[in-house]
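In order, the protein sequence lines correspond to chains A and B.
Going by the numbering used here, the first residue of the first sequence is number 1, and it counts up by one from there.
Going by the numbering used here, the first residue of the second sequence is number 1001, and it counts up by one from there.
These are computed hints drawn from the structure, not numbers from a lab.
In this text the structure is predicted, and so the values were computed from the model without any measurement.
Computed list of chain A residues with no C-beta within reach of chain B, every gap over 12 Å:
| # | residue |
| --- | --- |
| 1 | 37 |
| 2 | 131 |
| 3 | 135 |
| 4 | 149 |
| 5 | 160 |
| 6 | 175 |
| 7 | 184 |
Distance condition first, Cα-Cα at most 27 Å in a straight line; then the derived DSSO-like pairs of lysine-lysine:
| # | chain 1 | residue 1 | chain 2 | residue 2 |
| --- | --- | --- | --- | --- |
| 8 | B | 1055 | B | 1497 |
| 9 | B | 1323 | A | 34 |
| 10 | B | 1509 | B | 1054 |
| 11 | A | 34 | B | 1328 |
| 12 | B | 1017 | B | 1055 |
| 13 | A | 34 | B | 1210 |
| 14 | B | 1497 | B | 1509 |
| 15 | B | 1282 | B | 1055 |
| 16 | A | 34 | B | 1333 |
| 17 | B | 1054 | B | 1497 |
| 18 | B | 1282 | B | 1054 |
| 19 | B | 1333 | B | 1210 |
Positions of the beta carbon are idealized from the N, C-alpha and C atoms, including for glycine.
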Amino acid sequence: MKAAVIVFPGSNCDRDMAVALRAAGADVTMVWHKDAALPAGVDLVAVPGGFSFGDYLRCGAIAAQSPISRAIVNHAGRGGYVLGVCNGFQVLTETRLLPGALIRNAGLRFVCRTVGLRVATTDSAFTAAYATGEVIRIPVAHHDGNYFADADTLARLEGDGRIAFTYKDNPNGAALDIAGVLSDNRRVLGMMPHPERAADPALGGSDGARLFAGLVGQFATT
Amino acid sequence: MTDPEITPELVAAHGLKPEEYDRILTIIGRAPTFTELGIFSAMWNEHCSYKSSKKWLRTLPTTGPQVICGPGENAGVVDIGDGQALVFKMESHNHPSYIEPYQGAATGVGGILRDVFTMGARPVAAMNALSFGAPSHPKTTHLLAGAVAGIGGYGNCFGVPTVGGELRFDSAYDGNCLVNAFAAGLAEADAIFYSAASGVGMPVVYLGAKTGRDGVGGATMASAEFDDTIEEKRPTVQVGDPFTEKRLMEATLELMQTGAVISIQDMGAAGLTCSAVEMGDKGGLGIRLDLDRVPVREAGMTAYEMMLSESQERMLMVLRPEKEAEAKAVFEKWDLDFAIVGETIPEDRFLIMHGNEARADLPLSQLASSAPEYDRPWVASAPPPALGPLPDIAPLEALRRLAGHPNHCSRAWVWEQYDTQVGADTLRPPGRGAGIVRVHGTGKALAFTSDVNPHYVAADPFEGGKQAVAEACRNLVAAGARPLAATDNLNFGNPEKPEIMGQLVMAIKGIGEACRALDFPIVSGNVSLYNETDGRAILPTPTIGGVGLIEAGRPLIGSAAREGDVAVLLGETLGHLGQSALLRDLFDRREGPPPPVDLAGEARAAALVLEHAGRIGACTDLSEGGLALGAFELALAGGVGVTLETEDLAMLFGEDQGRYLLAMEPDEAAALIAASDGLAQVVGRFGGDSIAFGEASEPLETMRAAFREGLTRQFG
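In isolation and in its complexed conformation, chain B is listed as follows (with noise of 0.2 Å):
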């Protein structure tokens, strides 16, 4: 088969500007094979190149005594004592999500668990964050079906319990969704398995399932917007296997113990192209690969389509070769794909065999080093509208109307379709904040949250950026969990658009300020751009991951409340009534700033409610929907009503940060209230049967009922 030849149509199919072809010819001095220009395409697209992010991500916090790897690596690692750690990432597959929504959720999630066992760790807990267009858009049943029976159909194979996540409804979305996943898991911190490569004429080793042409170009396609030709775009999604997936984890686990393995990565955007250049170019080693000795699912596939592919279930390792026998042997007891592929070579050269040919012969380090960096032009967003008056409703009215909304409304249509207890340590599955996942085998616990309010963001992304931050921590904290570090997904539209390369500048600076202010560190992360259909970009939507620790003998605070506890709000309420969902949901109104975030004060508060853990029967941050939200689901969950001493609108549905609602029995409340320094205050009481603010009451089951029915009615 003979290559197409390179003209200036084909460059700009592979997603590479004039300049970045101009800086090809440059570095290798001569016009790049058909394979090269592939190879040259998929390393530098954004997806995998960061080429508009990196000047700003390098300005997060990344350290901290917990820290045990930072960014970089397949995943983020944290210590949480007693020689164990905790690996974490969260990842974005977007584009593949909108075009095929099964297949797309799915791979998304089996990527983000190879990211975490390729480290070493076995994956205990899994969330996702999934942003849809309006529930009346006609592509929304089909995205949020699909990418739910996606998500469902992997982790639950795979065997990782689902335990949180985020839902959302906006008509921003109705042209790309968002499909964030989430995955951590444990291992021991003195044998965490990185991707760097050492010794030369050490043998490289593909692992896991063959190589088809699913997926080929992927991640170019990720890195474009769409327009109207997006069915064409079917073929470059990739198609799960979490059987093979659940195999490959065993099987590399078990080889890890063996000791046979140097350095390890697994294949996921650009496959073998990617991996391959990152573990020798963190090496400082060349890499030679014979795709002769690729396992191949079907016959007759060029280089090209090999360099490209991006089938599923594929690892690459570099191999310690007295071990070669005992490596094999794992990989034949779990009935996988073993081959000795090609092996480092001292040389700073990324050398492709093919059919006794030379297709690729690239400067190794040039290839992952030199990708274009851009310092993007940005602008500060615009300021939104003005707060215009107060809404005339009654308060009963506007909490039953936003208990039912499908913005905020019982998920649990979505994460019943999901395994949430397997592996039998969920303390706390999904819908009640922070997921909750104990140890195995010892005392401690584990908090997960999945945390951003888009609408914030797109009206001030500085502030919207920290309180994205600070509201992960508020749900770990209210967990009874100490916040530990973080991972970021940001998700954003065009940035060579100067608008949004604001948002995402201003975005970053709010999470880093947040971060460095509580010190939770982004120890993991990636970047989602250009998520726009026919020139319109999705809300900004820069999800934190985070995850807290709850060590052994310390209290985990419940979700319920009790009958006869009295309500205590913790923090300073003004009733902050811009961009909040009162105004949005049921008015649509998007006005006024967001709430400012007092980082100091959320720290203060944070500081209480673990302090006085012991005390508190159950707490709940609040944020979207304000005290009245927060107030019906600690009630809910305990099935008892609650009655409010106010009935002021804004003091019921303001949006102000730093609070948080506990339900505590009346000593115990007495208590706390008197350390709080004037931070606490008691504003009603748990008990009975309805929903009261002031005079005004109705029966909690009719908002449970309005509740449990949100998703249903819309979705079936």
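Extracted from the complex, chain A is given alone in its bound form (with noise of 0.2 Å):
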């Protein structure tokens, strides 16, 4: 599998992301921001964890505006994958890959701990690996991952079977317990916990290695 990893100026967990991907077995490259294009043959862009812009401005707009952005865009309407973890998952709401918004945690203040999360389908290449009501232990750190949107918008996620993770036990208010989303063609995901911080079992856990070797391991079958 061949995957692209986005740097903005202020990501800071584009490396983790890299080392979790290249130790289930991808073929990864970091993509600059200012870059207008992906690399030929890309199957997955992920765009990693940080502050892209300072998030100054709400998390991930400027960001959105970056020439990288238009190409994810394009690839996701082709029908390639697409995961964004925490800024990355605030990134893919505000080019509107995903529906919905992350607004400030419910308690106000920054959070970061491992906590339990279900889930809450495997219909999708990122959730293969896992059993559906299944609960994994990864981390969380962000100010802004209360999970915002209209009424309408989660009960079509709701019944669509397109939320992927829920929280065992919420911790910054997201609505539904949401933890992460797909798009309607199951092939973007995002995401607010860390999945490369659980990927190697000297750190903790390496509940979030299976996200990446199931996601990689699809690749290698088709």
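Work from the hints to combine the two standalone chains into their complex.
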């Protein structure tokens, strides 16, 4: 699988994402946000965590205007896979690849801790390696992870099985305990928790490694 | 705009004493201009010149085979093998944090990160040591919440994991909080960048954010006591922009790769002034600056303001002229300012041009080296009141109340606001002794700790200084790390008072003695004096930031006991209750001498732990709260109970030094005890779901609840 990890000037989980993808067997290229095109033949675009442009405006709002963001939207439009983690999820909602928005945590404070996540659907390349209803442990680290969408959107997400993960103990006030959502074609996933921080047993857990292994594995068989 | 006339009042407002002003007149042979007065005040304040402490700082051990660069540069550098180096330092931002806690603490983090990456190192770990007033004091919630949010706001965005620190409360800090920030970074040992300029006619380049009026006079403010005019000082606090700092780091490290950098210095306290003078002085050169070329954020800034601005996220660099285009391209990639603002000159001169006029023309070397140095009078501290009788309290109740006390309870409320894992190399996050970060792509790991017990230092500065160093070493050893070196952040009151100066002198002597005995040199540091409000000083607080190395293939020692482990106590227990947490925090009794520190015993115990690291399941050093609190922490981390054989209050809560508590499988324990020459013994057993001292017991869950809610009950 060929993966591109996008680097905005304030990305700070870009290396961590590349390490986790490579460990799962992906061929990873780092792509600078000022580039207007993705490398040829990319299967997966990963938008990593961090503070893309300082997040002084809405998180991810300026990143959504970078040249590379147009290319990411086009890639998704062609049916390509996109994974956005934390700030990457915020960028994907700002580009409208995913519905809803991430607003300030209900507790108003930054929160960094390992949380329990319930796998709400296995019907996606990202979640196929898990079992439905399984609880996995993945760290969160964010100030604006409170998922918000209007009632119709929430009902549609729920009805279409597009909620990928929910929190066991909601750390940020997210609607319906949503930790991650899928696009309509189930090929774009945005999630606030950091699977790349739970991809190595030495770091206290490897539940996140299955997301990457499952994703890369699907490409190996097709 | 005409400059104000130089009057005795103006001189005093710059924090200069009349005799210091006379010294300026002697050096330059005329009255200074307004800009020159500002430059002198910036260079000669306590914060930049160390004029009260230098005589004593010189006595600290700063060398060793592991030391690549000791004090005097932006940060200290130690060898960690395989051609790699660790660059680290701790620095205070106390005064700004009390005036405006969010920005004060945030820019403290920004400043220390800049010190590290200026030397060519990518930051990999941060810590912070915080001291606040009594939890019930009306300002404490505001200061704590603001400082923690500021530290998180800056470090999280920049992208460095915060892996450790300290938090204490005492009414001595009601009027002056302490915010000490630590950062460490990794570099190639043969690619460390220093501040000494070289070569005549080399371009002096300004990098990073634009210059504004923020922080003008900040370093002078940080060298003064507070009184009721403190609100007027708010404009002297700088405003941080961690996103710019992140870009500045990436651009600086990228630039260093191109070979364009001759020397580099970050603009911290007294910004352009300090950085330019330091580069010139270390290189034996003069510097000419043309302020019309300095990127500014606002129009109409005077030379005085530009020279004293403490706008953040700026660097000064001497550039190889043939690399200019390449260097400029790197900064344009990261959308940062890059401007040639001057050059190195052969004569000993600091020449500041603005609007085609010389605003300052001073002998540069004298500006750097002729700062006054004082041998201030000092007296030994008065001994503390004698130790009274044993308090009347059941040991389990004492533990429950200590475990829930703001000084000893869970700090999760604080560190969950910090990103503790960015970089995906954090092997042990905060809350369990030393923080541990692996060296990316190698089998090595680094341990970080920050320690001091200011109550011990107040009661006996010499023993207290020794203890801070010994405890830092123990925390590293307890993680399986070999102590490498330390940074010291000395926070004290007004050194013009002989009793405060006495605390400083004796604490430095104690630190020096312990560092020599434990082969733990001080390679960087910072002094923060005048931490007083309305004449009342803080507790003497010499924070020791220690780093240790766990070599590839060496075992990491855990921090959680397992069911069936035996509790092994290493070191001698006499039941020393003088200055203990038990007496102070539960009975408000600050009595007796602090526990003495036997440095030879410390070294013996450390050697034993490291030699048997592979046998040890979990380990903690014993410090505040003694055996009882240490056993509780190992048990809680493992989610198991613990039974200790003793029910003697002094044996449980005494704070005798040189001790470790180990959780081990019985066979392994027997082997270690046999090899310990009588130093180690079994004192109890981990398992079950209650905490027991002798016959008395209480559910672990009750204790856990008290521990967990200690801060949230107070601060929400």
